[in-house]
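There are 4 protein chains.
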Amino acid sequence: MLDLVSLRRDFHMHPEVGFTEFRTASKVVEILTSLGYDVIYGQDALDGPSRRGLPAQGVLEEAYERALRDGANPAIVEKMRGGYTAVIGVKKGKTDGPTVAFRFDMDALPVLESTDGDHFPEANGFRSRYEGNMHACAHDGHTTLGLGLAEKLANGDFAGTLKLIFQPAEEGVRGAYSIVQKGLLDDVDYLFCQHLGVNVPLGEIHGGSHGLLATTKMLAHFHGVSSHAGASPEHGKNALLGAATALLNIHAITRFSTAATRINVGVLEGGTAANIIPAYAKMIVETRSETEEVNAEVEKRVRNIIASSAAMHELDYAIEVIGAAIPINYDEDMADLALEEARHVEGFHSFKKGEYNAMGSEDASFMIKRVQERGGKGTYMSIGTDIPAPHHHPKFDIQEEILPRSVELLTRIAKRLLT
Amino acid sequence: MLDLVSLRRDFHMHPEVGFTEFRTASKVVEILTSLGYDVIYGQDALDGPSRRGLPAQGVLEEAYERALRDGANPAIVEKMRGGYTAVIGVKKGKTDGPTVAFRFDMDALPVLESTDGDHFPEANGFRSRYEGNMHACAHDGHTTLGLGLAEKLANGDFAGTLKLIFQPAEEGVRGAYSIVQKGLLDDVDYLFCQHLGVNVPLGEIHGGSHGLLATTKMLAHFHGVSSHAGASPEHGKNALLGAATALLNIHAITRFSTAATRINVGVLEGGTAANIIPAYAKMIVETRSETEEVNAEVEKRVRNIIASSAAMHELDYAIEVIGAAIPINYDEDMADLALEEARHVEGFHSFKKGEYNAMGSEDASFMIKRVQERGGKGTYMSIGTDIPAPHHHPKFDIQEEILPRSVELLTRIAKRLLT
Amino acid sequence: MLDLVSLRRDFHMHPEVGFTEFRTASKVVEILTSLGYDVIYGQDALDGPSRRGLPAQGVLEEAYERALRDGANPAIVEKMRGGYTAVIGVKKGKTDGPTVAFRFDMDALPVLESTDGDHFPEANGFRSRYEGNMHACAHDGHTTLGLGLAEKLANGDFAGTLKLIFQPAEEGVRGAYSIVQKGLLDDVDYLFCQHLGVNVPLGEIHGGSHGLLATTKMLAHFHGVSSHAGASPEHGKNALLGAATALLNIHAITRFSTAATRINVGVLEGGTAANIIPAYAKMIVETRSETEEVNAEVEKRVRNIIASSAAMHELDYAIEVIGAAIPINYDEDMADLALEEARHVEGFHSFKKGEYNAMGSEDASFMIKRVQERGGKGTYMSIGTDIPAPHHHPKFDIQEEILPRSVELLTRIAKRLLT
Amino acid sequence: MLDLVSLRRDFHMHPEVGFTEFRTASKVVEILTSLGYDVIYGQDALDGPSRRGLPAQGVLEEAYERALRDGANPAIVEKMRGGYTAVIGVKKGKTDGPTVAFRFDMDALPVLESTDGDHFPEANGFRSRYEGNMHACAHDGHTTLGLGLAEKLANGDFAGTLKLIFQPAEEGVRGAYSIVQKGLLDDVDYLFCQHLGVNVPLGEIHGGSHGLLATTKMLAHFHGVSSHAGASPEHGKNALLGAATALLNIHAITRFSTAATRINVGVLEGGTAANIIPAYAKMIVETRSETEEVNAEVEKRVRNIIASSAAMHELDYAIEVIGAAIPINYDEDMADLALEEARHVEGFHSFKKGEYNAMGSEDASFMIKRVQERGGKGTYMSIGTDIPAPHHHPKFDIQEEILPRSVELLTRIAKRLLT
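Protein chains in written order, with full-length UniProt numbering: chain A, 1 to 419; chain V, 1 to 419; chain R, 1 to 419; chain P, 1 to 419.
Warning: the hint list may mix true and false statements.
[Said to hold, decoys possible] Derived DMTMM-like pairs: lysine to aspartate or glutamate, alpha-carbon spacing no greater than 25 Å straight-line:
(1) K300(R) x E234(P)
(2) K300(P) x E204(R)
(3) K92(P) x E408(P)
(4) K353(R) x E204(R)
(5) K300(V) x E314(A)
(6) K300(A) x E332(V)
(7) K300(A) x E234(V)
(8) K300(P) x D186(A)
(9) K415(A) x E234(A)
(10) K300(R) x E332(V)
(11) K300(V) x D316(R)
(12) K282(R) x E408(P)
(13) K282(V) x D186(A)
(14) K377(V) x E332(V)
(15) K300(A) x E408(P)
[What the hints assert, rightly or not] With beta-carbon atoms standing in for the labels, derived distance ranges:
(16) H392(P) x E373(A): 47 to 53 Å
(17) E131(A) x K282(P): 25 to 31 Å
(18) H235(R) x G48(P): 37 to 43 Å
[Unchecked claim] Residues from chain V that keep clear of chain A, each with C-beta distances beyond 12 Å, as calculated:
(19) S34
(20) Y130
(21) G156
(22) G242
(23) V298
(24) S308
(25) S309
(26) I319
(27) E346
(28) K369
(29) H393
Everything labelled a hint here was simulated from the structure, so no lab data went into it.
Ideal placement from N, C-alpha and C gives every residue a C-beta, glycine not left out.
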């Protein structure tokens with residue numbers, strides 16, 4: 001039987017950021033296989049071109065080598081090489097029935113974990129071994145929940161199909177979309193996603209959370225022509241002039257009366273030297289809105305501003321979407337069902353639905369939307385745990401007692417529907 | 001015989017700005033006709049669509065009515081209605097020979113003439129009768145010179161053809177181009193243009209002046225969509241955002257290593273009320289350069305910036321050229337010829353060529369260029385007169401003794417070539 | 001007895017915009033005086049320097065002369081000369097009691113009234129006689145209500161004091177503040193303000209309306225130095241460069257997470273000619289927010305951007321507040337009391353409270369806040385009337401049957417509290 | 001006797017960039033000492049705080065260690081630690097007389113030297129051993145000339161004082177100023193500076209070169225406050241908004257009628273992530289002009305724009321000058337004297353003065369100006385050598401035959417004046 005705490009601590013010690021979850025995903029494949037699941041992974045588990053914000057090839061390779069050094073199964077991980085790090089475990093029940101899916105995200109963050117003595121992982125010897133990376137958003141716990149659930153239902157003693165989706169690159173809202181585009185949500189009738197923590201206290205559970213914002217994260221490249229700034233400035237095509245013009249006008253996009261919005265140019269970098277007309281600049285832009293429609297309109301305006309700023313200074317440009325999410329509209333009956341089951345699990349005593357407690361965005365939204373578009377239902381649950389420091393903080397941590405409790409909840413939900 | 005001083009003072013009292021020189025041009029037609037010249041005027045004397053910066057219809061009509069009230073010949077001026085105020089007087093000599101042309105500009109400025117007792121026109125009763133308009137750039141003198149010259153050569157006792165070109169709208173460099181486009185310079189072998197004053201002292205003459213800048217003056221219109229700034233800002237398309245973006249980027253056009261440049265956005269106006277997204281803005285832009293090529297490149301960049309700023313904010317736009325000039329490259333032998341003749345005219349004692357003494361631009365440049373392109377020659381002369389105040393100043397004036405002297409010079413030049 | 005319909009139509013025919021309500025205010029003074037009220041007006045009724053967006057002196061004088069021509073009482077109106085057009089009628093009751101105030105706004109709009117045959121005022125001979133001005137926001141009705149109420153309570157048969165406040169310049173949210181600053185609200189215990197129409201149908205009344213936005217409207221002046229753009233651009237200090245920089249950065253002020261905001265630069269005008277570095281520019285900026293605090297912060301940022309843009313281009317600048325309002329928080333019990341009384345007035349059948357039906361701002365907000373700050377209470381009511389066209393539209397009109405009904409309501413409210 | 005070619009090749013193999021010339025300067029000290037010169041170096045040879053664009057401490061230390069490994073004298077180089085890499089050799093003559101100085105720059109460039117077989121240093125085994133650094137601007141030759149000259153005059157058989165100035169960090173115009181500020185030019189009567197190459201062919205010499213531009217290179221830092229762009233954008237102070245506003249307005253600085261100018265923002269970098277309001281940005285700005293006065297005015301405007309852009313967005317800022325130069329006005333008689341002496345040196349056959357053949361700036365200008373300010377004289381000579389590729393190019397090289405010839409010229413000049 002799986003030791004959930006050991007499992008979580010192993011993941012915690014080996015935090016892998018988005019699309020480099022080679023070791024983590026390899027372990028997941030091994031365990032699911034040992035439990036008798038059919039396992040889909042590698043290029044079968046996601047649509048390569050739909051991955052957003054894929055790291056550079058060198059970064060992927062370095063992480064791949066590290067995973068091999070640290071115990072990833074070479075035969076398995078080879079299929080994930082280049083950032084194909086999604087894993088889907090499928091178990092068919094003894095009789096026909098609906099397809100019930102659960103989603104677990106596996107990636108870590110580029111955060112340097114605390115070495116303070118009062119930081120639980122440090123004090124207990126499972127601090128990150130990958131300096132500068134850290135599981136500071138509970139995905140080590142999420143992955144553990146998925147494996148725990150897999151074990152509980154490994155006997156297939158149910159009607160229908162269980163589908164466990166282990167997703168890469170939730171941070172930056174980058175990975176879910178590529179799994180959806182591979183068609184892997186198309187047969188799902190019920191989908192449950194969840195997050196530990198998110199400012200919900202231990203003992204409380206939210207059966208459905210909404211209010212997560214639609215967002216698009218874009219990386220824009222401006223390509224001009226360099227020239228000596230003293231000798232022949234007129235031969236240059238100034239990438240920074242284009243980018244700065246875009247930056248000001250992007251921030252100047254008007255408010256919408258129909259939904260709150262947010263706009264940020266988070267990064268601008270260009271030029272090489274004092275005396276050279278800058279030939280290249282890059283910019284990272286983030287849009288958000290309460291509605292998918294308004295976010296799409298703001299994104300459209302950002303794209304037009306970038307295109308026009310480039311044209312204004314005779315630059316070439318390119319825009320990559322490096323992250324995106326849409327709002328989540330959970331199904332009331334799924335949320336209610338989850339709360340009903342939670343009432344049977346010891347340790348939960350506060351039962352809610354409604355506004356998400358943490359600001360932000362989630363790309364599980366694409367999965368839920370796809371299920372709903374095809375007639376299925378879904379929800380996004382917030383499962384409480386007290387946290388010593390905010391999400392993404394060097395001293396973030398979860399209470400490990402939430403792990404078995406959550407596995408029990410998910411098991412109850414699955415069994416309730418797989419009939 | 002014409003009284004040059006009376007003539008100049010009559011013009012001075014009735015200053016008409018560009019394309020409204022109805023009374024002035026009517027007088028010119030009358031006098032040329034009385035001297036036996038063939039006179040081309042109205043739509044035959046310029047190409048209507050090539051006029052730049054034409055005043056609004058209402059302004060033209062008002063000036064037309066005023067001219068009728070103040071003695072313009074109705075039969076003549078009717079043909080000029082709507083701003084067709086160029087006049088060309090042609091006199092064929094007794095035998096064949098070259099075509100020699102002189103150019104005189106007739107328009108006044110929107111300047112309020114001084115009422116100080118020490119201002120010569122005020123003291124001598126010929127201050128402007130059109131409040132707010134003034135001959136503050138000597139064009140009253142120029143027109144007088146043209147008529148004086150016409151009289152001297154009225155007998156046609158020469159070989160070849162004399163062509164006297166009375167041009168509207170030199171201020172703002174707007175009128176010459178339309179005469180060129182009508183083809184009226186195409187048969188000219190020698191062209192002489194001149195300016196009185198321009199910081200050359202009495203007694204000095206420059207046989208050729210260069211250094212006048214190429215320039216383009218553009219009026220840009222930005223058309224967006226208004227909307228209530230509180231209730232539905234997202235429905236607006238903000239013309240002022242587009243215009244302000246254009247303004248900054250136009251000023252940011254880079255220096256050229258090949259020629260000095262100047263760029264100015266002289267006017268920006270847009271919007272109607274605090275709570276309305278501005279639906280319209282207009283902008284007046286001026287470019288200049290030492291060379292026609294660089295000015296053309298700067299103009300091209302300005303146009304691209306305006307187009308891109310409009311596109312950036314989903315605006316329609318239009319650009320009108322309301323004025324333009326190119327540099328003047330006078331022919332050395334024409335300048336030398338002028339100086340040689342000047343040595344025979346009493347009153348001139350300093351003889352030069354070279355850099356223009358006054359900053360600025362001249363649309364006679366288009367005429368000289370056209371003549372040169374077709375194998376002819378031309379020059380632009382600066383004829384000295386002391387001035388009590390700078391050009392365009394409310395107390396500007398010329399010394400009237402320069403009038404007969406200049407007529408004599410032009411007559412000598414014409415006779416020298418018409419052989 | 002007053003004929004409310006005739007009164008309203010007289011006001012409708014003589015629409016006077018903000019701070020030029022000379023004829024209207026003169027009539028109000030005459031009627032209040034005839035009814036035995038103590039009347040405060042002229043410089044006693046408002047604080048001159050606190051008036052926002054005062055028209056130019058010439059405009060005030062022209063309107064003053066027109067009022068005299070059209071029947072304003074010369075002895076009265078002389079005290080209003082220069083835009084002192086507030087009037088306060090005070091009636092002391094027979095015994096002591098609270099001070100109950102009502103506020104009525106008198107100004108019209110710069111809207112050209114429709115001449116269509118189906119426009120009721122046109123069809124019935126009381127279309128505006130002041131071309132280009134129109135009562136298109138029901139203030140003619142409001143003023144009439146105030147006089148009707150004055151008549152009903154003229155006998156002073158109540159306990160306490162009745163205060164009727166006739167305000168100039170509500171449009172542009174400019175006049176109320178100057179009355180508050182004069183201290184005229186300081187002794188008020190209960191204040192009732194109301195608007196006819198505002199998308200509430202006939203028969204419905206809202207006892208209290210909130211959701212009106214805080215707003216500040218600013219006129220900024222940028223003063224630089226002109227210079228010839230060709231000859232000596234470096235001697236200029238470019239007002240338009242400063243203003244355009246301010247414009248872009250004002251629009252780029254970030255969103256607030258704590259309250260919705262709006263920002264608009266409604267007008268930008270600067271410069272005189274293509275070849276002159278612009279020495280002057282002006283800009284009208286409007287900020288809004290759901291909360292007074294956030295609006296104040298946005299206003300502060302706008303001011304800083306203007307100051308910094310001016311400093312950046314070595315310009316002098318000045319900022320005038322030409323309009324302002326704050327949100328209204330009505331007192332629940334006052335709204336309830338109004339609704340209770342409305343139930344006793346024939347014609348009302350729908351009774352509500354809550355969100356204001358029309359987008360916008362109201363400077364009665366300053367009056368209500370002052371009363372509340374000093375321990376009193378207040379509300380802002382919306383009294384329904386069907387309207388054939390939106391507020392501020394050339395075909396706007398009210399149903400005159402609402403006039404006596406509203407007078408009855410206000411009278412009941414006053415009597416209820418004056419005990 | 002020194003082998004000039006070996007010396008030059010040794011320097012070429014060990015190219016050290018500005019303020020890291022530890023090995024080079026150590027060798028210079030050793031040789032000057034061995035020749036009996038008084039040698040000033042370390043903190044005595046320059047004013048530490050006046051060094052511009054000093055590399056980071058880590059970079060300095062790494063270069064220091066490398067120099068020790070590659071043969072720098074530990075006792076000498078220790079005094080240079082931290083970037084004190086100037087060396088002054090002084091030789092007093094047998095009798096009194098004037099002080100004659102020569103200046104030689106020692107630093108290399110961050111250029112990767114060519115490995116092509118036809119590149120002379122590669123083919124002859126003295127290509128750079130410091131990958132990525134290269135003597136691509138002839139300073140290896142300059143340093144060699146200085147030592148050759150030192151040897152020729154080592155006997156002190158002259159009247160007056162010889163001063164040989166070996167300067168760090170000419171590239172980026174960073175080092176000369178700190179030597180001037182230390183007062184080391186204050187006693188100089190005659191100063192000769194020279195450059196090999198600069199588009200002058202072998203056999204030609206320019207006794208004086210002018211036209212080098214005044215320039216200032218600034219590094220600006222903008223410090224704001226980060227905040228989550230979704231959750232609380234209003235708590236951020238956006239460094240990139242300030243920097244982009246500065247960038248546009250710096251480019252928009254007007255043309256000057258009195259001197260050509262150049263302005264470039266060569267680098268802009270800021271921000272960390274899509275969802276964070278950027279708290280920091282840096283910008284590198286370069287100004288240039290034909291005159292020191294106009295460059296100073298443009299620099300002043302740049303500083304004001306940066307300060308105002310920072311104030312506009314409530315940012316702190318700092319500006320460092322990381323490089324500067326002024327124009328050179330050589331003394332005609334010094335240039336003539338140099339040409340006279342050159343006529344006696346075999347190999348020179350073309351003798352000129354005037355416009356500098358290469359675009360750019362030189363901080364020897366500060367040295368010449370200081371000498372001139374104190375009544376001395378100076379010149380900047382261009383000594384021809386054919387070059388296979390432009391300055392700063394990976395295949396740049398000089399003809400080594402120019403070395404002894406130039407030493408002879410400098411020796412003649414020195415002897416002529418030291419009498």
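Hint-by-hint comparison with the structure:
{"no.": "1", "hint": "K300(R) x E234(P)", "verdict": "holds (13 Å)"}
{"no.": "2", "hint": "K300(P) x E204(R)", "verdict": "violated (65 Å)"}
{"no.": "3", "hint": "K92(P) x E408(P)", "verdict": "holds (20 Å)"}
{"no.": "4", "hint": "K353(R) x E204(R)", "verdict": "holds (11 Å)"}
{"no.": "5", "hint": "K300(V) x E314(A)", "verdict": "holds (11 Å)"}
{"no.": "6", "hint": "K300(A) x E332(V)", "verdict": "violated (60 Å)"}
{"no.": "7", "hint": "K300(A) x E234(V)", "verdict": "holds (13 Å)"}
{"no.": "8", "hint": "K300(P) x D186(A)", "verdict": "violated (64 Å)"}
{"no.": "9", "hint": "K415(A) x E234(A)", "verdict": "violated (71 Å)"}
{"no.": "10", "hint": "K300(R) x E332(V)", "verdict": "violated (64 Å)"}
{"no.": "11", "hint": "K300(V) x D316(R)", "verdict": "violated (34 Å)"}
{"no.": "12", "hint": "K282(R) x E408(P)", "verdict": "violated (69 Å)"}
{"no.": "13", "hint": "K282(V) x D186(A)", "verdict": "violated (54 Å)"}
{"no.": "14", "hint": "K377(V) x E332(V)", "verdict": "holds (9 Å)"}
{"no.": "15", "hint": "K300(A) x E408(P)", "verdict": "violated (70 Å)"}
{"no.": "16", "hint": "H392(P) x E373(A): 47 to 53 Å", "verdict": "violated (60 Å)"}
{"no.": "17", "hint": "E131(A) x K282(P): 25 to 31 Å", "verdict": "holds (27 Å)"}
{"no.": "18", "hint": "H235(R) x G48(P): 37 to 43 Å", "verdict": "holds (40 Å)"}
{"no.": "19", "hint": "S34", "verdict": "holds (55 Å)"}
{"no.": "20", "hint": "Y130", "verdict": "holds (43 Å)"}
{"no.": "21", "hint": "G156", "verdict": "holds (53 Å)"}
{"no.": "22", "hint": "G242", "verdict": "violated (9 Å)"}
{"no.": "23", "hint": "V298", "verdict": "violated (9 Å)"}
{"no.": "24", "hint": "S308", "verdict": "violated (4 Å)"}
{"no.": "25", "hint": "S309", "verdict": "violated (7 Å)"}
{"no.": "26", "hint": "I319", "verdict": "holds (15 Å)"}
{"no.": "27", "hint": "E346", "verdict": "holds (50 Å)"}
{"no.": "28", "hint": "K369", "verdict": "holds (24 Å)"}
{"no.": "29", "hint": "H393", "verdict": "holds (36 Å)"}
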